[in-house]
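As given, the protein sequences belong to chains C and D, one line each in that order.
The first sequence lines up with residues -2 to 403 when you count with the working numbering.
The second sequence lines up with residues 42 to 275 when you count with the working numbering.
In short, the hints are calculated from the structure, not lab data.
One should not assume that every hint holds.
The list that follows gives simulated cross-link-like pairs (lysine to any residue, SDA-like), each with its CA atoms no further than 20 Å apart [claimed, not checked]:
no. : chain 1 : residue 1 : chain 2 : residue 2
1   : D       : K118      : C       : A399
2   : D       : K43       : D       : K118
3   : D       : K56       : C       : N395
4   : C       : K304      : D       : T157
5   : D       : K56       : D       : R262
6   : D       : K118      : C       : D48
7   : D       : K118      : C       : Q365
8   : C       : K304      : D       : Q111
Here are some chain D residues the structure puts well away from chain C; computed CB gaps all over 10 Å [unchecked claim]:
no. : residue
9   : E73
10  : D99
11  : T102
12  : A122
13  : E123
14  : R125
15  : N137
16  : Q153
17  : R159
18  : G174
19  : G189
20  : A221
21  : S234
22  : R251
Computed list of chain C residues with no C-beta within reach of chain D, every gap over 10 Å [unchecked claim]:
no. : residue
23  : L1
24  : G11
25  : R16
26  : T17
27  : A62
28  : D128
29  : R156
30  : R164
31  : G192
32  : D224
33  : A300
34  : H361
35  : W377
36  : P396
Just so it is clear, the structure is predicted and the values come from calculations on it, not from any experiment.
Even glycine gets a Cβ: it sits at the ideal position worked out from N, Cα and C.
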Amino acid sequence: MRGLLVSLAWRSLGRSPRRTLITFVVVAVAMWVILVFGMMFTKALSLGARDATVRLLTGEGQIHAAHYLDDPGVDRAMPEPSGRLLAALNRSPVTVWAPHVRVPATIRSEYRSLGITFLGVDPRKERSISDLPRQIEFGLYLKNGTDASIVLGKHLIERLKTRIGKRVIIMSQAADGHLAEQSFTIVGAFGGADGPQDQFAFTGLRTAQAMLGLAGNISEVSFDVTDDSALPAAIDSLHRAAPPLDVQPWTAIEPFAFAIYQEAASQEVIFSAIMFALMAIGIVNAQLMAVFERTRELGLLQALGMKPRLVVLQVTLESALLIGIGVLIGDGLAALTFAPFRNGLDLGALAAGAERYGAGRVLHLQFQPGDVATLSVAVWLLGILTTLWPARRASRTNPIVAMSQA
Amino acid sequence: MKTIVSCRGIEKVYKQGAVAVPALRGVDLDIEAGEFATLAGPSGSGKTTLLNIIGGLDRPTKGEVVIDGQPIQRLGKNRLAELRLHKIGFVFQSFNLVPVFSAMENVEFILQLLHTPRVEARERASQVLSEVGLAGLENRRPSRLSGGQQQRVAVARALGPKPAIVLADEPTGSLDSKSADDLITLMENLNASSGITFLIATHDPRVMSRAHRNIVVSDGRIVVDERRTTANAA
């Protein structure tokens, strides 16, 4: 019986080619919009915001001295990892880690003084956890932990009215409370988002420790893990390895970026729901029309002995085919839209807006087959659900009344 | 002889606003297996209402209907559909075929609703289509068949499940006289050769003249119930 029910549903699509075409277009466009704007762009913005944070300096988690996050000063330093903590950092699920000295400081050129965050880094380890070393646009990055030169943001260099090869003075409070001051030669300028360009200045870890009197001490350790799901286990293991220290995920360290990340997920749901509602109105209208035009036939089938639930199944099958094909067309269009941007979409003039949103200049559109399949099946099933009303209406047709219709 | 249809004290009242309009006023009727009977009467006499009630498409206001031993007035929607599927074949005035199905599929569909295995359903559909003279036209869709041929498909569809009775409502009403004549001959032959019971609501004197029994309904009552011998009918 299923064979002829499916066959009847399939052939019924051809009864009104115009209506079928309109329904295909409605479903396909809705699916395309949901996939392109609800999924690809929103996810790209949300992951962009996450990566811009995590791949700057934060890592997926950080270790600090207790209460450092409440008052991040030089006096709340922690010893460099050793013993059990070092062992925990060097095994899975932690993949990479990097120590930082991080203090608030003032930078002074010949013309201006500005407030910044001064960082001492181990360049080799930093390259594995941060994208910043790869964003050098002029000059060089630091060579090693004892490098005594400085790398600044391109924009900061402009604001200081200085240039590569010139010297700047860094002033900050040292561990013993006195004002530490040191001159550095600018060797490189990094690009990227304006915020980090204006905020950060980098020198070698050992150089910063020596300047601030932090021998053997650091401000933080940033670390990455194998994947997001491994983060709680990694935090637990690191905390057990060094109980007095404060181990936090990036979501706690960068709550604003995390809020944007979460908001994007809600936006995806809200956007998809709005598109789906518009699509559902189109489908219900088309199917009500289809049922109305076939009142006589559906009445006849019931008169001949077709049970009402089979009438519902018949109309639902027709809708399932109609929506299913529309969804596949929408998927295909979305894949075609994604293809030219598989290596990223350079926002160009719109980059500033994206940066305010926390994302970078290049958006990496997300077109994961698993997500596409899940969304497509969800839209397909919800679409079928909306046609249960016209289907139920059809099943309640009185055969005598239906067949008396011209 | 086995009674296929038994109606006792059938009354049907339609409500038109606050006004009650009686369509049937106490009809008693028995149809025996193998009968070739007509139900005649002027428009509005109640013959179609009676046919619909016998076919389980409508419910009487009062009275009892038994089809092939099964009382039907207390059956739910699904059970009534099942009864129609298993025991009653319908032929309507305006062909009423599924337009996107071929002749074969129109017959096969009903057999598949009965859960007849696909191969068996196809063989049976082919056989009944051949019996109604449509061999070779099985794969044509209704739009490519003449009115007479479409009505033959409807007869084949009614016969497919081997029903206890075939109810035909004005089957010749939309046919030209040649096609109507051919259809009457076909139903007559099927009745004679296979003993299929026919109850035909009709105005058509040609149908009535060839039936073995003429029942005339007027103002919701059976006013004539005349049995004729085969010789008389011929």
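Hints, one by one, checked against the model:
Restraint check: the Cα-Cα separation between D/K118 and C/A399 comes to about 16 Å, which is no more than 20 Å; the hinted pair holds. For the proposed pair D/K43 and D/K118, the alpha carbon gap of about 27 Å is over 20 Å, so the pair is violated. Restraint check for D/K56 and C/N395: satisfied, since their Cα atoms lie roughly 16 Å apart, inside the 20 Å limit. Simply put, C/K304 and D/T157 have alpha-carbon atoms about 16 Å apart, close enough for the 20 Å limit, and the pair holds.
Taking the CA atoms of D/K56 and D/R262, the gap is near 19 Å; set against the 20 Å cutoff, the hint holds. For the suggested pair D/K118 and C/D48, the alpha carbons sit about 61 Å apart, so the restraint of at most 20 Å is broken. Distance hint between D/K118 and C/Q365 is unfulfilled; the C-alpha atoms sit about 48 Å from each other, more than 20 Å. Distance restraint check for C/K304 and D/Q111: the Cα-Cα separation of roughly 19 Å lies within the 20 Å cut-off, and the hinted pair is therefore satisfied.
With 10 Å as the threshold on Cβ separation, the claim that D/E73 sits away from chain C holds: the shortest Cβ distance comes to roughly 23 Å. Residue placement check: D/D99 does not keep its beta carbon more than 10 Å from all beta carbons of chain C (closest about 6 Å). Remark: the non-interface label on D/T102 is consistent with the geometry, its nearest Cβ contact in chain C lying 15 Å away (cut-off 10 Å). Distance check for D/A122 against chain C: the nearest CB is about 5 Å away, which does not clear 10 Å, and the non-interface claim fails.
Here D/E123 does not stay apart from chain C, with its beta-carbon only about 7 Å from theirs, under the 10 Å limit. Some Cβ of chain C comes within 10 Å of the Cβ of D/R125; the nearest lies about 4 Å off, and the non-interface call is violated. Chain C draws D/N137 into its interface by the beta-carbon criterion, the shortest separation being 5 Å against a cut-off of 10 Å. Distance to chain C contradicts D/Q153 as a non-interface residue, since its nearest Cβ pair spans about 4 Å, not more than 10 Å.
Interface exclusion of D/R159 from chain C breaks down, the closest Cβ pair being 7 Å apart, not more than 10 Å. Annotated as non-interface, D/G174 keeps its C-beta farther than 10 Å from every C-beta of chain C; the closest such distance is 22 Å. Here D/G189 stays apart from chain C, with its beta-carbon at least about 19 Å from theirs, past the 10 Å limit. Annotated as non-interface, D/A221 keeps its C-beta farther than 10 Å from every C-beta of chain C; the closest such distance is 21 Å.
At roughly 24 Å from the closest C-beta of chain C, the C-beta of D/S234 stays outside 10 Å, upholding its exclusion from the interface. With a cut of 10 Å on Cβ distances, D/R251 stays outside the contact zone with chain C, its closest approach being about 26 Å. Taking the minimum C-beta to C-beta distance to chain D, about 5 Å, the non-interface status of C/L1 is violated against the 10 Å cut. With 10 Å as the threshold on Cβ separation, the claim that C/G11 sits away from chain D is violated: the shortest Cβ distance comes to roughly 7 Å.
Its beta-carbon lying about 15 Å from the closest one in chain D, C/R16 satisfies the requirement of being farther than 10 Å from that chain. The Cβ of C/T17 lies farther than 10 Å from every Cβ of chain D, with a closest approach of about 13 Å, so its non-interface assignment holds. At roughly 74 Å, the least C-beta separation between C/A62 and chain D is larger than 10 Å, which holds for a residue marked as non-interface. Distance check for C/D128 against chain D: the nearest CB is about 60 Å away, which clears 10 Å, and the non-interface claim stands.
Here C/R156 stays apart from chain D, with its beta-carbon at least about 74 Å from theirs, past the 10 Å limit. Annotated as non-interface, C/R164 keeps its C-beta farther than 10 Å from every C-beta of chain D; the closest such distance is 86 Å. With a cut of 10 Å on Cβ distances, C/G192 stays outside the contact zone with chain D, its closest approach being about 64 Å. With a least beta-carbon separation of about 50 Å from chain D, C/D224 lies farther than 10 Å from that chain, consistent with its non-interface assignment.
Separation of C/A300 from chain D is inadequate, the least Cβ-Cβ distance of about 6 Å not exceeding the 10 Å criterion. Every CB of chain D lies more than 10 Å from the CB of C/H361, the least distance being 48 Å, so the non-interface label holds. Chain D leaves C/W377 outside its interface by the beta-carbon criterion, the shortest separation being 24 Å against a cut-off of 10 Å. For C/P396, the condition that its CB be more than 10 Å from all CB atoms of chain D is violated, with the nearest at approximately 5 Å.
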